[in-house]
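> As they're listed, the protein sequences go chains A and B. Under my numbering, the first residue of the first sequence carries the number 1, and numbering increases by one thereafter. Under my numbering, the first residue of the second sequence carries the number 236, and numbering increases by one thereafter.
Derived from the structure by calculation, the hints contain no laboratory data. Worth double-checking, as some hints may not be accurate.
20 Å max Cα-Cα, derived SDA-like pairs, lysine to any residue [claimed, not checked]:
| hint | chain 1 | residue 1 | chain 2 | residue 2 |
| --- | --- | --- | --- | --- |
| 1 | B | K513 | A | L218 |
| 2 | A | K18 | B | R533 |
| 3 | B | K513 | A | Q76 |
| 4 | B | K513 | B | A276 |
| 5 | B | K285 | B | Q302 |
| 6 | B | K375 | B | S419 |
| 7 | A | K67 | A | E56 |
| 8 | B | K513 | A | L82 |
A quick note: this is a predicted structure, and the numbers were derived from the prediction, not measured.
One letter stands for each residue in the lines below.
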Amino acid sequence: MSIEETRSDFHLLMDEVKSDLLRMGAHVAEGISAVTVALLAGDIDAAAAIGTADDELDLLSIEAEEKCVRMLALQQPVAVDLRTILTDLRMISEIERSGDLVSNISKAIGRLRGVELEPRLRGLLDRMCEQAVRLTTLAIDAYADRDAGLASALGDLDDRLDELHNDFLDTVFASRGDRILTTQQAVQLAVIGRFYERIGDHAVNVGERVQYLVTGVLPEHTGATRARARREESS
Amino acid sequence: MVETNNLNESAREEKKTTISLSPTISSMATRGDESTADPSAAEVIFDVEKLDAFYGDFKALSNVSLQVYKSQVTAFIGPSGCGKSTFLRCFNRMNDLIEGARVEGTIKYRGADLYDEEVDPVEVRRRIGMVFQKPNPFPKSIFENVAYGPRLSGLKKSKLAETVEKSLRRSALWDEVKDRLSASAYGLSGGQQQRLCIARAIAVQPDVVLMDEPCSALDPIATARIEELITELKSEYTIVIVTHNMQQAARMSDQTAFFSVALDSHGSRTGELVEFDKTETIFTNPNDSRTEAYITGRVG
Chain A
1 MSIEETRSDF
11 HLLMDEVKSD
21 LLRMGAHVAE
31 GISAVTVALL
41 AGDIDAAAAI
51 GTADDELDLL
61 SIEAEEKCVR
71 MLALQQPVAV
81 DLRTILTDLR
91 MISEIERSGD
101 LVSNISKAIG
111 RLRGVELEPR
121 LRGLLDRMCE
131 QAVRLTTLAI
141 DAYADRDAGL
151 ASALGDLDDR
161 LDELHNDFLD
171 TVFASRGDRI
181 LTTQQAVQLA
191 VIGRFYERIG
201 DHAVNVGERV
211 QYLVTGVLPE
221 HTGATRARAR
231 REESS
Chain B
236 MVETNNLNES
246 AREEKKTTIS
256 LSPTISSMAT
266 RGDESTADPS
276 AAEVIFDVEK
286 LDAFYGDFKA
296 LSNVSLQVYK
306 SQVTAFIGPS
316 GCGKSTFLRC
326 FNRMNDLIEG
336 ARVEGTIKYR
346 GADLYDEEVD
356 PVEVRRRIGM
366 VFQKPNPFPK
376 SIFENVAYGP
386 RLSGLKKSKL
396 AETVEKSLRR
406 SALWDEVKDR
416 LSASAYGLSG
426 GQQQRLCIAR
436 AIAVQPDVVL
446 MDEPCSALDP
456 IATARIEELI
466 TELKSEYTIV
476 IVTHNMQQAA
486 RMSDQTAFFS
496 VALDSHGSRT
506 GELVEFDKTE
516 TIFTNPNDSR
526 TEAYITGRVG
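One chain only, chain A, in its complex shape (with noise of 0.2 Å):
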């Protein structure tokens, strides 16, 4: 039997959804490398100019979710079709809120009033950005692909990512010890590592929808599972 298209400006939208979710994803990743390129200059106004950035951003996500809210109101997706737009609804909160990490380190660059960081503190944020990045694009990718694998690996990505906040906490602190950072600066520092982190986070959880999107299962939380044992014991 020919496959042919009954539901054609349905899909073409869907298509449209999917084509401003890269363009989100990819918004964010440019976003963590001139965020990174800033931090490291200790440029304020650079920074600035990523926080107008985000609103952007914040634009492309409320059109997309208009859109799937427009089509599971007119057009009772079932399937792949619902799959597809439940992933989407929860994709655009994900990397909207992966934007909002981006701008909140640009506003944390302000507070660190360009301060000389030292090389390996650098380093490591070189490192953390790159990470973050990578993350971003391969959940970006993943989505784009629908490749179940790739998305599922992303977990394992992400402990990479968190070992080098643990080294960046580890060295900011010790270079509060060495009185080369401020409490106040070594406050900001530690935050905008935690902003790094939850931005490797957010691709995470871009990877389950995905893999839910691509196999119809619902990822398997550790917690969930626990607490339906709990349930199931005590009735």
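For chain A, the structure is supplied; the task is to place chain B on it using the hints.
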């Protein structure tokens, strides 16, 4: 259009002797006491194995195997010409009434072979009722429409009114017609007529109700009423429904079978069962790409 209770008469001509289907059928278990959640735990009402259906030389349906479970709604969906209505009619031997129609393979109803030559089709159709696409009340009063079947089955006159009321209540029509039972059924709206046909079908206390696109001639409100009614009735009856409306199958049924048209080894078109699963699975994560293509509108 063949009408439910006329069948009793036409079928009587086919076969004069009445033979019970099987002892298990005569002593039917209490209805409505089973969970619908897990089909594997539910009792099998129909067990179809390798069924082929023919109209003369034309093979309308090829190699269908599935189970229909007790107190569940099983929906058949698929494009026109996929054999889903033919399949539905196999369940109460309605196809016997069509010249040249025959089946190969087996349909077991509560363990008994439905097409065994000892089986009386009249008894089959009493236990397995049918509701059609277009409401088809008899040109009689509302009361007589419902009383017709029970009277034919020998119900005492004194019990008739009670049975009519009970059936009309179950089909959610009683409150609308209780003051005009002697009025013609033709005065009812389309949706009411269809609920009357459902009342007529359940008045003879069937085990199974087959429905062939029961809402396709009705407006959305009447459709919603019938759907609600079907959901209520499933605790007492096993329901099998053919529908062109996929959302309807998704809303109402517990199990869904997707049929499609395939070319057989001689290049002729024949209906086949593509996928049969829990309705939730079919509409969220179907196993077969043909099912997915059909329900998402990617196949013409």
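> Each hint: holds or not?
Tested hints:
1. B:K513 - A:L218: Within the cut-off at roughly 17 Å; holds.
2. A:K18 - B:R533: With a Cα-Cα distance of about 18 Å, the restraint between A:K18 and B:R533 holds, given a limit of 20 Å.
3. B:K513 - A:Q76: With a Cα-Cα distance of about 19 Å, the restraint between B:K513 and A:Q76 holds, given a limit of 20 Å.
4. B:K513 - B:A276: 13 Å, holds
5. B:K285 - B:Q302: 12 Å, holds
6. B:K375 - B:S419: Distance of about 6 Å is within 20 Å: holds.
7. A:K67 - A:E56: 17 Å, holds
8. B:K513 - A:L82: 17 Å, holds
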